[in-house]
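With these hints in hand, go ahead and build the complete structure from the sequences.
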Amino acid sequence: MSNDESIRTGFYVCHCGHNISDVVDCTAVARYASTLAGVMVSRDYKYMCSSPGQELIRQDILEHKLNRVVVASCSPLLHEHTFRNAVAAGGLNPFLFQMVNIREHDAWVHADRAAATAKAQALVSAAIRRVALHKPLQATRAPIHPDVLVVGGGIAGIHAALTLANAGKKVYLVERQPSIGGHMAQFDKTFPTLDCAACILTPKMSAVRSHKNIVLWTYSEVAKVDGYVGNYTVTVRRKARYVDENLCVGCQECIDACVFKVPKFPDPFNLGMSMQKPIYIPFPQAVPQAAVIDPDRCIQLKTGKCKKTCVEACADRKAINLNQKEQLLEIKVGSIITATGFKLFDAKRLPEYGYGRYPDVMTTIELERLVSSSGPTGGELRLRSGKPPTAVGFILCVGSRDMRTNRWCSRTCCMHSMKLAQIVRERTGAQVTVFYIDIRAPGKGYEEFYDRSLQQGVQFVRGRVAEVSDCALSPDEAGKLVIRVEDTLAGFVRRVPLDLVVLAVGMEPQADAQEMRRILNMSCSAEGWFLEKHPKMAPVSTFTDGVFIAGCCQGPKDIPDSIAQAGAAAAEALALIDAGGIDQEPNTAYIRGEECSGCKSCISLCPYAAISFDAEKQKAVINPALCKGCGTCVASCPSGSIGQNLFEDQEVFEEINGVLDYV
Amino acid sequence: MSDMNWQPRIVAFFCSWCTYTAADLAGVSRFRYAPNVRIIRLMCSGRIDPQFVLCALADGADGVLIGGCHPGDCHYAEGNFKTFRRYRMILRLLADMGVAGDRVRLEWISASEGERVKTVINEMVERIRALGPLDIPGRFAACDSEILESADAIRLPQCKETHDVVPEVVHG
Amino acid sequence: MELGQKIKCEADRTAGFGKAIAAMPGCERLGSCIQCGACSGACPLSIYMDQSPRQVIALVRGDFKKQALSCNTIWLCSSCYACTVQCPREIGITDIMYALKQCAMSERAYPAGLSIPILARQFVRMVVRRGRITETRLVMRFFLQTNWKAAISSWRLGLNLIRTRRFGIRQQHIKQHLELAAMLAQAKNANAGGSP
Amino acid sequence: MRYHYFPGCSLKGLGRAYDESLRPVMERLGVELAEIDDWNCCGATAYMSTDHCNACALGARNIAIAESSGPGDIVAPCNACYLALNKTRNCLAGDSATRAAVQKALAVAKLTYTGTAAVRHPLEVLVYDVGINVIKRNVVRPLKDLKIAPYYGCQLVRPHCSFDDQWNPTAMDRILTALGARVVDFPLKTRCCGGSLTGTAPEAGLRLTHIILGEAQRRGADLIATICPLCQFNLDSYHDQIARRWGPARIPAVYITQLMGMAFGLPTEQLGLKRNFLPADKLLAAT
Amino acid sequence: MDKPKIGFYWCASCGGCEEAIVDLAEDILRITAAVDLVFWPVALDFKKEDVLAMPNGSMAAVFINGAVRTSEQEEMASLLRAKSQFVIAFGACAQLGGIPGLANQFSRDSILNYVYDGAPTVVNEKHVRPSVRCEDNNRTLTLPEFRSVVRTLEQIVHVDYFLPGCPPTPRLITSAIDALLTGKLPPPGSVLAPDVALCDQCPRKKSKPEQIRFAAFKRPHLTSMDSDLCFLAQGVVCMGPATRGGCEALCPAANMPCTGCFGPTSRVHDQGAKMLSSLSAAVDAKESDQVDAVLAGIPDPVGTFYRYALPASLLRFSANIGSAAVKETL
Ligand SMILES: Cc1cc2nc3c(=O)[nH]c(=O)nc-3n(C[C@H](O)[C@H](O)[C@H](O)COP(=O)(O)OP(=O)(O)OC[C@H]3O[C@@H](n4cnc5c(N)ncnc54)[C@H](O)[C@@H]3O)c2cc1C
Ligand SMILES: Cc1cc2nc3c(=O)[nH]c(=O)nc-3n(C[C@H](O)[C@H](O)[C@H](O)COP(=O)(O)OP(=O)(O)OC[C@H]3O[C@@H](n4cnc5c(N)ncnc54)[C@H](O)[C@@H]3O)c2cc1C
Ligand code: SF4
Ligand code: SF4
Ligand code: SF4
Ligand code: SF4
Ligand code: SF4
Ligand code: SF4
Ligand code: SF4
Ligand code: SF4
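Heads up: the sequence lines are chains A, P, H, D and V, in that order.
Positions 1 to 663 (the working numbering) are the ones given, in order, by the first sequence.
Positions 1 to 172 (the working numbering) are the ones given, in order, by the second sequence.
Positions 1 to 196 (the working numbering) are the ones given, in order, by the third sequence.
Positions 1 to 287 (the working numbering) are the ones given, in order, by the fourth sequence.
Positions 1 to 330 (the working numbering) are the ones given, in order, by the fifth sequence.
There's no promise every hint is true.
[As the list claims (entries may be wrong)] Across the chosen pairs, the derived CB separations fall in these ranges:
1) A:Thr35 - V:Asp27: 50 to 58 Å
2) D:Thr170 - A:Leu194: 40 to 48 Å
3) V:Lys184 - A:Val621: 41 to 49 Å
4) D:Asp37 - H:Gln171: 17 to 25 Å
5) V:Met256 - A:Ala88: 50 to 58 Å
6) V:Ala216 - A:Lys212: 33 to 41 Å
7) P:Asp102 - V:Tyr116: 32 to 40 Å
8) A:Leu328 - D:Thr170: 21 to 29 Å
9) H:Ala11 - A:Gly491: 21 to 29 Å
10) P:Asp102 - H:Lys188: 32 to 40 Å
11) A:Val621 - V:Tyr116: 52 to 60 Å
12) A:Gly491 - P:Asp102: 50 to 58 Å
[Claimed, not checked] A few chain P residues that face chain V, going by a derived Cβ cut-off under 10 Å, partial list only:
13) Pro50
14) Leu57
15) Met97
16) Gly101
17) Arg127
18) Asp144
In case anyone wonders, no lab produced these hints; they're calculated from the structure.
It should be emphasised that the depicted structure is a prediction, and the values quoted were computed from it without experimental measurement.
The beta carbon of each residue, even a glycine, is placed where N, CA and C say it ideally should be.
In structure tokens, the structure reads:
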């Protein structure tokens with residue numbers, strides 16, 4: 001905007017219902033703003049972001065010939081776009097606008113009305129001074145690469161991948177384990193309908209394998225992500241499987257032929273309750289149906305001195321390749337869906353429950369495997385002594401809802417404990433007691449499921465178990481595991497002898513969540529769950545455009561919610577792709593050629609190598625397509641020759657002066 | 001400025017991705033903290049020109065708070081490291097200029113650390129309260145009172161005044 | 001069968017009691033209790049308590065001062081901290097018990113005939129006077145005041161102590177006991193609010 | 001290694017065998033214990049039940065005297081003292097109102113509390129400062145084949161213990177193993193012995209003691225090793241009363257320092273073993 | 001028509017700027033032919049009374065060099081301001097405070113104590129200090145007051161143009177005077193030198209690498225310096241990137257790094273902060289102690305980054321001085 005045109009600013013302060021006006025005196029702020037240089041209109045209004053609020057801005061621009069607009073309301077991260085659009089609707093360049101955050105940074109964090117109002121006024125003064133220097137800018141539009149990467153092949157990742165693939169988009173599904181399926185593959189049945197987990201999961205897993213639009217990379221990890229929304233370059237590390245999954249038909253002949261005659265290594269899928277050989281197929285329904293060789297256990301891979309009977313057995317199919325090497329593959333995608341799931345709380349962290357000390361204390365996931373017909377015992381539930389249990393207790397909230405471990409409710413353990421309680425009752429007729437703090441059954445059909453558990457004779461004792469021990473104070477306790485718990489509803493402490501104690505361990509973020517977050521440039525909540533952009537309004541988006549989250553990596557949830565989120569994330573990715581392009585904030589830096597001395601100080605500081613040296617002119621230049629607007633070079637140029645749109649030096653100096661305006 | 005009514009004035013420069021977002025989260029979580037800090041948003045802590053820090057102090061801030069993403073988490077890879085190096089040097093410069101190092105503080109606060117925003121701001125306000133007013137404008141005025149009688153026109157190079165003069169005037 | 005009224009009315013509550021306890025050192029998190037009962041389950045003495053520790057927390061939080069101060073729970077609490085380290089809300093239950101004891105002591109609101117507070121009182125008196133405790137003398141004095149029969153029935157214990165030369169009859173004391181007493185007088189109830 | 005030594009009232013009274021055995025054992029291991037001048041009672045649970053500020057002032061006086069007499073940490077062998085002094089430190093660190101009040105009180109005695117001296121238990125010093133290897137090297141008469149239940153008591157590891165696990169501490173287990181003994185798996189190692197209640201509410205106090213003795217017996221222990229004068233007194237002194245109520249559970253309880261002294265070959269008379277009600281010396285001599 | 005009247009005056013300066021006039025060599029004759037030199041205390045005997053006697057605005061221009069430290073300098077500056085149409089701050093000291101401005105790190109008392117007592121060569125048994133008034137044998141002697149801080153000329157009187165340099169180069173001086181004489185003047189307030197940093201003119205510019213990282217800083221007197229390579233590429237602090245060009249890179253040409261006497265460009269408020277920013281950002285270390293170790297190679301940040309511009313910087317003087325002054329007045 002040329003210097004001679006006089007500044008005509010419109011100022012608006014929002015009450016946000018009562019959110020702001022309860023703490024900040026909005027009328028006083030409006031009155032104050034009206035005294036500031038260049039302000040032509042100053043108003044306060046109940047909801048600035050509503051249509052009438054936006055209309056107010058548009059009208060005023062036309063009526064009062066405004067050429068600058070300032071809105072004091074919530075965080076610009078929330079509504080800056082809304083108001084820029086309103087400004088544009090008034091025929092003004094949308095960047096001749098500045099927003100003041102007096103809700104998140106003021107009304108919501110202060111109680112003293114006078115101090116909060118003074119703070120609002122200072123912030124407003126800063127914005128009004130700053131906006132006078134704003135120039136009209138043009139947002140640039142970046143194209144979107146239509147391919148999508150899905151990280152994690154649990155139920156959430158599978159569903160997201162299928163949704164996108166069915167919509168005709170090419171999807172790369174990257175799963176760390178040798179098979180997709182995630183935790184759900186380990187379950188026997190699923191609440192609240194008690195349908196067989198395998199029956200509903202396996203068809204989806206096969207569909208992934210056979211879908212023409214899905215590239216499935218199991219036993220793989222994302223090593224590196226470069227670029228930005230619409231234009232990511234991803235490096236995927238494919239670990240050596242030593243079996244070519246396209247040649248392997250899953251006949252298992254190699255496994256039978258392996259020089260290890262009996263399986264002797266703990267099988268992680270069954271949590272070590274059964275054994276496997278160095279060459280194995282993770283579980284019967286695994287996708288891909290292809291063997292894997294564990295390099296830490298295979299004699300050939302460890303010592304090079306094996307008869308390689310597996311290779312012989314595979315014969316002409318030649319699927320086994322003991323020379324396979326890890327591969328790094330680079331792909332280009334426009335958006336990324338993260339569905340890396342959760343890990344379970346380690347029950348050893350609560351020694352009072354005796355997990356790892358008493359053999360008949362186990363976790364719910366172990367019980368899932370034990371009652372599963374494909375599990376280590378073929379679905380028969382036995383104590384370690386071999387006898388069937390007669391009294392089984394479930395301890396809920398193990399590691400969850402506890403300030404010492406995990407503060408959150410894990411959301412599924414009430415329900416899956418009731419599921420397992422019903423199964424145990426059905427299969428063994430044992431007396432089953434569930435020790436709980438609160439039963440959380442808020443889903444559709446869940447309360448009914450609770451009722452069914454009660455009807456089936458599952459006992460419920462409300463109290464957080466204090467201790468599991470084998471100290472017997474009376475003969476009927478001898479040889480049993482004794483639980484000490486207050487029956488809080490009855491109002492006394494009880495000792496309950498049991499022969500099987502099941503710990504409903506809660507969900508935790510994956511161990512490598514921080515690393516993933518870094519690779520994908522996301523944020524984590526303090527606990528380590530991936531952080532959504534807004535807990536209500538943008539639950540599957542992240543602060544990084546083009547990166548979405550689904551399933552338990554965002555927080556504990558059950559299968560229906562995981563699938564709902566996966567669908568939502570897929571829809572967000574589709575919306576992005578089909579929009580064809582994305583507007584980018586024009587906050588790039590630029591060098592004023594006539595001022596630059598060519599000192600080159602800035603060049604090495606740019607993280608994106610956006611600055612180069614023009615040898616002919618002997619000046620530095622910034623490539624606006626590469627600059628992402630961090631401003632590091634601007635802060636460094638020793639002669640002040642670099643500008644940055646939206647964050648010019650003078651604009652910031654004005655802001656500093658303004659915030660120090662103590663009224 | 002009378003000591004009785006004095007309240008610490010702190011200017012904060014927060015990066016948009018981590019610390020500013022964390023301050024938003026502190027708001028959403030309704031953490032109450034002292035109202036003495038005024039936050040200025042920049043895209044990256046790497047945008048913080050040491051001039052901004054000095055300007056804030058020269059304009060009357062009693063302290064400056066710099067917030068950025070944790071090392072390794074910078075949205076722009078390493079802007080925060082550049083800030084950190086500048087910060088170490090600024091502290092030495094300020095020490096030589098008689099400004100206690102505690103008046104300028106750098107903190108890494110990630111987007112999820114809303115509670116940390118509260119703690120850091122409260123601590124900072126208490127620290128500045130303990131140090132008392134810096135009041136550089138007041139010091140300028142007090143110092144310059146010695147020349148008032150002989151000068152016919154006095155213009156002082158606080159950036160409060162220099163920013164709005166035509167760019168061709170040097171210094172400030 | 002005798003009938004007693006179990007229902008509690010507003011008049012049974014002492015407004016502000018819960019808040020006042022929560023303001024005492026170590027009791028800050030009182031309000032976060034989710035009534036899970038882990039404290040009671042962990043408490044080795046809950047077998048004798050008329051209100052479980054969880055119930056005491058509920059009584060305090062609900063401003064039922066009379067019930068909270070008159071139950072035997074707070075006196076049976078042996079300060080073993082089993083509850084405190086197990087509480088999922090990190091509530092200082094043991095400290096809350098201390099706060100209630102202090103309150104009951106200063107208002108003499110403990111159940112009649114309960115000897116534990118008497119011992120505490122004598123302990124304090126001995127420390128103020130001598131600076132140290134001579135256990136055998138403390139116990140003898142305590143038995144004399146509460147239940148001299150018990151003293152007699154403990155004769156075997158006494159004899160055994162004498163046999164093993166652990167029966168210290170000489171009163172221990174520190175050199176600066178006057179100074180200590182002055183110090184204690186100075187610090188008495190100096191912390192926030194004293195007793196609620 | 002030099003430490004300020006806070007014996008506490010019990011070690012001068014009922015628990016003097018602990019004091020008697022601790023000193024020569026520590027000396028053997030090169031640990032110097034300098035008794036804090038004119039120390040006073042830690043206040044124990046009774047004071048906490050009466051006046052918070054006074055309780056802190058009692059602890060603070062001891063710490064302040066130690067701090068003013070030179071550098072070094074404080075060793076407090078009695079679990080109750082250890083807890084009371086540590087609690088004082090935590091309160092004074094976290095609660096400025098109490099700290100101010102306590103400093104004011106200390107000023108009466110011209111003392112100031114700085115909070116620089118840590119309060120530590122002999123177990124911690126033995127395991128972390130001296131080291132299991134050094135202990136092992138000093139063993140001349142291993143406690144071979146003796147089955148010992150380690151009993152830590154409740155207050156040592158709770159609530160602010162930093163050197164061992166709150167549920168399953170192992171410091172004593174490791175020392176006993178080093179002495180050559182067989183450590184019995186003892187889930188009740190941190191369960192309250194009822195110590196403070198045996199006098200005032202015998203039914204309750206004795207029952208807790210009984211549970212511990214009974215369980216140790218059930219698990220086949222020959223001895224219970226303790227590290228607190230109160231625990232030792234309780235576990236040792238009420239066998240007849242317990243037997244009358246719940247049947248006999250006669251298992252001797254000794255201080256771990258006595259066991260160490262035996263294993264180090266120190267003269268038995270020095271170790272106060274004669275002070276036990278239920279004698280353990282024969283058992284020990286037999287190994 | 002009368003020749004335009006011109007004056008020269010010096011405040012707190014080393015005399016180098018006066019020398020620079022003499023250095024104009026033959027050009028000085030051309031100038032003296034074109035103007036009337038009515039006031040130049042260093043060369044000709046003028047007194048304050050002579051200036052007082054001049055009508056206001058009667059001089060065309062006065063060139064004042066040196067920083068302002070005493071009440072006498074303030075008085076003369078104000079007087080000359082009144083008497084002349086243009087006031088030109090001549091040289092780094094007048095423009096920015098210059099080397100004398102480095103005194104703004106120390107309080108007046110500590111300076112006087114050192115100079116009159118502390119310095120190893122001084123013997124002053126009675127600890128005498130200069131005072132503004134002194135009675136002796138019924139006579140009253142007065143001395144100008146030594147102010148609490150050093151100021152730039154602009155901080156005392158309104159200045160029309162600035163001639164940068166320590167001292168300004170002959171070429172800049174002659175072109176300034178020519179501009180005055182011909183009336184081809186840039187906008188008021190201008191610095192009469194190019195507004196591009198020195199590197200632009202420096203013969204070593206080509207040798208500066210694009211990717212620069214500092215693993216250590218070296219000090220000129222402790223290193224042997226390559227006579228062609230950019231100083232920064234050698235790890236030697238050169239203020240060139242943060243300093244206005246116009247000197248034609250005199251120092252680099254003489255194998256010394258630029259120390260910044262031309263002051264910052266018009267776009268910069270604080271020369272030192274800018275140079276600090278650029279150098280520290282490019283330090284080749286991440287851990288706190290390593291960063292500090294590299295930065296320790298610049299032992300005197302104020303003296304390095306603000307050698308000529310401390311009084312003109314954002315902070316102007318040490319806050320320790322400020323606090324004393326505040327105390328005095330409140
Ligand atoms: C014992 C138990 C029983 C349950 N029973 C039920 C039930 O009956 N009904 C119900 O609705 N819910 C149940 N749930 C909840 C259910 O498990 C979850 O809702 C569901 O598994 C979440 O799916 P997900 O895809 O988000 O995560 P996951 O199942 O954890 O899948 C994540 C996948 O991502 C992969 N991965 C992780 N990190 C990476 C990486 N860096 N790179 C590549 N791949 C990676 C993992 O290997 C895994 O395959 C139960 C939970 C438990 C613990
Ligand atoms: C008192 C209360 C407080 C709540 N507070 C919170 C809270 O703080 N946070 C939170 O997360 N959730 C809260 N909820 C839950 C929240 O209200 C719901 O999750 C949310 O409103 C559901 O949105 P919806 O669009 O599905 O349904 P609705 O809000 O019910 O919208 C359905 C719309 O469809 C229209 N409609 C209905 N039938 C037809 C038809 N045949 N043809 C055309 N239009 C039709 C209706 O008129 C209505 O406008 C609260 C609920 C209640 C009752
Ligand atoms: S190479 Fe040998 S050990 Fe390895 S999988 Fe084949 S047969 Fe088994
Ligand atoms: S779902 Fe139930 S068991 Fe799991 S943490 Fe929540 S309340 Fe506890
Ligand atoms: S603003 Fe950042 S990204 Fe842009 S050119 Fe400068 S340093 Fe590079
Ligand atoms: S730092 Fe500034 S002057 Fe130097 S090359 Fe970069 S833009 Fe040009
Ligand atoms: S353990 Fe804690 S949360 Fe649970 S009832 Fe007791 S005090 Fe309340
Ligand atoms: S501290 Fe008291 S209430 Fe808590 S468990 Fe021990 S005896 Fe019970
Ligand atoms: S930094 Fe110095 S030496 Fe290098 S090009 Fe610039 S002026 Fe020349
Ligand atoms: S090179 Fe720098 S210091 Fe030397 S004369 Fe030029 S501007 Fe001044």
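Hints, one by one, checked against the model:
no.: 1; hint: A:Thr35 - V:Asp27: 50 to 58 Å; in the structure: 56 Å, holds
no.: 2; hint: D:Thr170 - A:Leu194: 40 to 48 Å; in the structure: 44 Å, holds
no.: 3; hint: V:Lys184 - A:Val621: 41 to 49 Å; in the structure: 33 Å, violated
no.: 4; hint: D:Asp37 - H:Gln171: 17 to 25 Å; in the structure: 20 Å, holds
no.: 5; hint: V:Met256 - A:Ala88: 50 to 58 Å; in the structure: 56 Å, holds
no.: 6; hint: V:Ala216 - A:Lys212: 33 to 41 Å; in the structure: 59 Å, violated
no.: 7; hint: P:Asp102 - V:Tyr116: 32 to 40 Å; in the structure: 35 Å, holds
no.: 8; hint: A:Leu328 - D:Thr170: 21 to 29 Å; in the structure: 46 Å, violated
no.: 9; hint: H:Ala11 - A:Gly491: 21 to 29 Å; in the structure: 23 Å, holds
no.: 10; hint: P:Asp102 - H:Lys188: 32 to 40 Å; in the structure: 37 Å, holds
no.: 11; hint: A:Val621 - V:Tyr116: 52 to 60 Å; in the structure: 57 Å, holds
no.: 12; hint: A:Gly491 - P:Asp102: 50 to 58 Å; in the structure: 55 Å, holds
no.: 13; hint: Pro50; in the structure: 4 Å, holds
no.: 14; hint: Leu57; in the structure: 7 Å, holds
no.: 15; hint: Met97; in the structure: 5 Å, holds
no.: 16; hint: Gly101; in the structure: 12 Å, violated
no.: 17; hint: Arg127; in the structure: 16 Å, violated
no.: 18; hint: Asp144; in the structure: 8 Å, holds
Consistency note: the structure conflicts with the earlier hints numbered 3, 6, 8, 16 and 17.
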